[in-house]
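> The listed protein sequences derive, respectively, from chains A and B.
With the numbering used here as the guide, the letters of the first sequence map in order to residues 11 to 288.
With the numbering used here as the guide, the letters of the second sequence map in order to residues 9 to 134.
Here are the simulated lysine-lysine pairs, DSBU-like style, with alpha carbons at most 30 angstroms apart:
(1) Lys79/B <-> Lys16/B
(2) Lys214/A <-> Lys79/B
(3) Lys89/B <-> Lys101/B
(4) Lys118/B <-> Lys131/A
(5) Lys131/A <-> Lys16/B
(6) Lys88/A <-> Lys51/A
(7) Lys79/B <-> Lys101/B
(8) Lys118/B <-> Lys214/A
(9) Lys152/A <-> Lys163/A
(10) Lys56/B <-> Lys89/B
(11) Lys103/B <-> Lys118/B
(12) Lys214/A <-> Lys101/B
(13) Lys89/B <-> Lys103/B
(14) Lys214/A <-> Lys103/B
(15) Lys100/B <-> Lys214/A
Hint data in this document are derived by calculation from the structure and do not stem from the laboratory.
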Amino acid sequence: MGQQQRDFTKQSEDSVMIETQDSETSPSLISNIELDDFREKTDRLMLDLENNDIPNALKRINEINEINGKSFYRIIGKLTRGLHDAISDLSISSSQDLPENDKTRVDLNYVISLTDGAAEKTLDMTEQSRAHIADLGAANAKQTAMLEEFSSKRSLDKETIDFLQKLTDCCKQSNQSISQLNFNISEIVIAQNFQDIASQSITKAIGIIEEVEDSLVALTQYANLLTKISQFSGHDTEEIDSEDSEELKTDIGQFKGIGSAEHLDQSEVDNLLSSLGF
Amino acid sequence: MPADLNMKILVVDDHESMRRIEKQILNDLGYPNVDMADDGATALPMLKSGDYDFVITDWNMPQMEGIDLLKSIRSDDRIGKTPVLLVTAESKKEKIVEAAQAGVNDYVVKPFNADTLAAKISRIFP
Chain A
11 MGQQQRDFTK QSEDSVMIET QDSETSPSLI SNIELDDFRE KTDRLMLDLE NNDIPNALKR
71 INEINEINGK SFYRIIGKLT RGLHDAISDL SISSSQDLPE NDKTRVDLNY VISLTDGAAE
131 KTLDMTEQSR AHIADLGAAN AKQTAMLEEF SSKRSLDKET IDFLQKLTDC CKQSNQSISQ
191 LNFNISEIVI AQNFQDIASQ SITKAIGIIE EVEDSLVALT QYANLLTKIS QFSGHDTEEI
251 DSEDSEELKT DIGQFKGIGS AEHLDQSEVD NLLSSLGF
Chain B
9 MPADLNMKIL VVDDHESMRR IEKQILNDLG YPNVDMADDG ATALPMLKSG DYDFVITDWN
69 MPQMEGIDLL KSIRSDDRIG KTPVLLVTAE SKKEKIVEAA QAGVNDYVVK PFNADTLAAK
129 ISRIFP
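So here's chain A without its partners, still in its complex pose (with noise of 0.2 angstroms):
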C-alpha cells in the first residue's frame, strides 16, 4: 500500500474519529443514524465475542467496516465536488454557453493562444524593431564616416574642430546605444522562450486535471453503486471494495508518477551526456 493510499485511509478513520467527537456542531461526514447504527453494531460485536459466536462477530466486523466504506467515499465525494467546484471557479472567459468543466479547459487553451498570441506580437515587434535599429545603426556608421573624412582633408579653425569633436562623441554614444538596445532586444526575444514552457505546463495541468476528475467521478459513481448493492445484500460488497482499492491504488500511483518523475536541469543533462560518452 502506498503512502498516499495510506494518508487516504488515515484521513478516513480520522474524520470518522473526529465526526463521532463533533457531530452535533459540524458537517456530518457520518451521519447520525450512521453512527447510532455504528454504535449499536460494535456493542452487538461485543456481545457476539463475549457468547463467543465467531459467524456472527464476523458479519458484525463486515457491517462495521461497511460503515466505513460509506464514510470514506462520502470523502471522495466530497473531494469531487471540491475538484468540481475548484475548476469551475477557475473559469475567466465569457464563453457562457459551455458546459462548467469545458468552459474551464477551454479557458485554459484560451490563456495559451492569449499568451501565445502575446509572444508573436513581441517577437513581430522585436523584428521590426531590429530592423530600424539596423538603419540606425547604418544612419550611425555613415555620419562617423563623413565626420572622419571632413575632419582629415581640410585644414580647419578650432572652432570648427571642436565641433566636429562633439559630433564624433555623439556618434560614438549613439552607437553604444544601438549596441545596447540590440542586447536588449536579444533578451526579450530570450524571455519569450518561457512562453513555450508555460503553454505546455498548461497543457499538462489540462490533462492531469481531467483524470484526476474522471477517477474521482468514476470512484464516487462505484460508491453509489455500492451504496445500492449493499441494500439487498449486506456482504457481497467486500470483495468489491477489495477491487476497488485496487483501482485506487493504481490510480494514486499514476498520480504521485505525474509529480516524481526525475527533471534534471541542463548542467545536469551535460553531466549524464558526459557519462554517456559526449
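Dock chain B against the given chain A, drawing on the hints supplied.
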C-alpha cells in the same frame, strides 16, 4: 570543422514563437541561413530534398516527434550524418538517454539562452 557561419540550418518546432525565437538567436549569433519547419513530418522531406548542415529540433510535436525525426535522419543514407541538436522541455533522464542512444549530437533544455546555444554549436562543430 568549426561552424561555418553560412551553414544551412533547419529549426523544427511546432510552436511558431519558439521557431522565431531560435531563428532570431541564430541570426544574432551570425547564422543567417535558417529555415523553419513546424513538425518532424514537415522537416523530413525538407531535409531529404535540401542540403542542410545542421538540424535543431524540439521533442514534443504533433505528427512526428523530434526523437522519431532523429531516428529517421540516422537511418537515411544521404542525410544520416547531419548533426542534430535537441532543444526541448523534456528533461527526464530516460528521455536524454533515449536521445543519446538514437544518435543525438547534443541536448539543450528549454528555457535556454544564446550562450548555451552558442556553446552547443561550438561543441558540435569544434
